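**Q** Residue numbers (the working numbering), protein chains in the order written: chain A, 1 to 172; chain B, 1001 to 1278.
These aren't lab readings, by the way, just hints derived from the structure by calculation. Just so we're clear, the structure is a prediction, and the values are computed from it rather than from any experiment. It is possible that part of the hints are untrue.
Derived list of chain B stretches under chain A, where covered just means 3 residues or more per stretch with a C-beta under 8 Å from a C-beta of chain A [stated by the list, open to error]:
1. 1082 to 1094
2. 1103 to 1112
Subject to a maximum C-alpha distance of 30 Å in a straight line, what follows is the list of computed DSSO-like cross-link-like pairs (lysine-lysine) [what the hints assert, rightly or not]:
3. B:K1107 <-> A:K136
4. A:K135 <-> B:K1107
5. A:K70 <-> B:K1174
In silico contact screen, one side only, chain B against chain A (beta carbon under 7 Å); selected entries [claimed, not checked]:
6. P1063
7. I1131
8. C1270
Built from N, CA and C at the ideal position, the CB exists for glycine as well.
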Amino acid sequence: MKQLTLPLSKEQILSLRAGDCVELSGVVFTARDCAHRRFMELLEEGKPLPFDPHGAFIYFAGPCPAPAGKACGSCGPTTSARMNSFAPTMLKAGLSGFIGKGEMNGATQEALKTYGGVYFAAIGGAGAFYGNAIKKMELVAFPDLLSEAVYRLEIEAFPLVVAHDAHGGTVY
Amino acid sequence: MRTIDTQEISDAVYRMATRAGLNLTESCRTALTCAANGETGAAKFALDTILQNAEIAKRERMPICQDTGMAVVLLELGQDVHLSGMPLAEAVNDGVRRAYRDGCFRKSICDPLTRENTGDNTPAHLHVEIISGEEVNLTFLPKGFGSENMSRLFMLTPAEGKEGIVNAVVETVKAAGSRPCPPVYVGVGVGGCFDSCAFLAKMALTREVGTSNPRADIAELERETLERINALGIGPQGFHGRTTALGVSIEAAPTHIAGLPVAVNIQCHCIRCEKETL
C-alpha cells in the first residue's frame, strides 16, 4: 500500500490511479453542505476562504464531539455527491482534491482532470477508525455550524481508495 | 393494571441509544465477516476496514459511525399499563438527549428550512402502538441519512404484482449506487397506504439481518430480490464485488384493492438496533 503525506506534489497526484489503496497523512480541512454554500458566497464576493485553498484537501465530514483524551470524535466521510455543485469551483480556487464517500458526478471528474486533482474515497461508516487516526483538530471557521463547521485536522495513515484520478479514471 | 414511571422509559432509551451508537448488531458483524471472505481488492479492503472499525469503536468507546442518526423509537405499550410521571414523548426525548450528550454522539437534527441545529438530537421519531398485556417493548434504531436519502416510495398498480415489487427495490438500490455505504440492508414495506407502507419498510430494518419473513411467499421474494441486487455488482462502497446488500427484509400488510404501495428504506452496512422490554 502507498504511504502518502500531504501536501501532494503535482507528480504525486498524477501517479495515482483509480483503485489504488493508500494511507494518507497530513493536514486536511473539513467542510460539508452549509460550509460549502458559504465558501461560494465568499468567492462570489471576492473574499478569501477561511483557509488557503492552494494544494489543500477538503474532507467531507462532520465529526462527533471529542471524548476525553481524544483529539476528535468519530469522524468518517459523508456522501460526496451532495458537494458536486461546489467541487469544480473549489478546484478552480486551487484545491488539490477531496476525501469523501461514493461517486462524484461527471462535472467533478472533468474538473479533477482539468486542474490535476484527485478524489479519495474513505470507507463510509468507519467513523471510529478515522476519528482515532486524527491527531489534532482545530476550529477554523463557522462555529455556529457545530459539527458542520470547518476544522483543520491532522490525520495519520487514513486508509483510502483513489476513486477518481487526475486522468479521468474512476473506481466505480 | 401495572404502573410504570416514564422515567424508566427514559432510562431504557438512554441505555439503548448508548449501546446502539457503539455497537453493530451481532448478526450484522457475522454478515460482514462472511462478506469480507468473498471479496478481493478494494472491496475486501473496505470490508476489512469496516470490521476493524467495529473493534476500535468498542475498545475506544467511540461511535461506530459519526452519523449517530435520527433517533427512531418504536414503543409497544401494553394496554394494561398506566404511565405516570413526565409526558411520554418528553421522557423519550430526555433519554435521547442524555445519551447523545454523554456518549459524545453527533447532534444531527435541524430545522428543515433554516437548517438550525436543535442542539441535542431531539426530537426523536416516536411511534407508539398499543398491544395487549402489561409490558412495554422498546426498539431503538439510530437512522443515518446517507442511506435514508436513497430511500423511495412507489405507488404501483396491482397489475405490476411481485415482479413490480422486485423491480422497484432493485431499481432503488441501483440508483443509489455507491452513495448509501453499501453493502446495504434493504427494508421493504409492501401494502398498507402511503404512510403506513413507509413505516413498514422502516420496521423491516429492525429485523435481524439473515432472518426471513415467516410467510413463505414473502421469504421467497426476499431471496429473489437479494439475488438480483447482488447481481448488480456495485459491491462494498461501490468498489465492485459480490456483496451489494447484506440482506432484504420485507414486511407486508393488507392494502386497498386499487393499489400496491412499495416502500424501500435503505440502511447502510452499519446496522445498529437495540431492543428492551420493561
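**Q** The structure should be examined with respect to each hint, and the outcome stated for every one.
**A** Hints, verified against the model:
1. 1082 to 1094: Answer violated; 0 residues pass the 8 Å Cβ test.
2. 1103 to 1112: holds (count 5)
3. B:K1107 <-> A:K136: Holds, at about 21 Å.
4. A:K135 <-> B:K1107: holds (22 Å)
5. A:K70 <-> B:K1174: violated (38 Å)
6. P1063: Check passed: Cβ of B:P1063 comes within 4 Å of chain A, closer than 7 Å.
7. I1131: Because about 34 Å separates B:I1131 from the closest Cβ in chain A, which is outside the 7 Å limit, the hint is violated.
8. C1270: holds (4 Å)
Comparing the model with each earlier hint shows violations of hints 1, 5 and 7; every other hint is respected.
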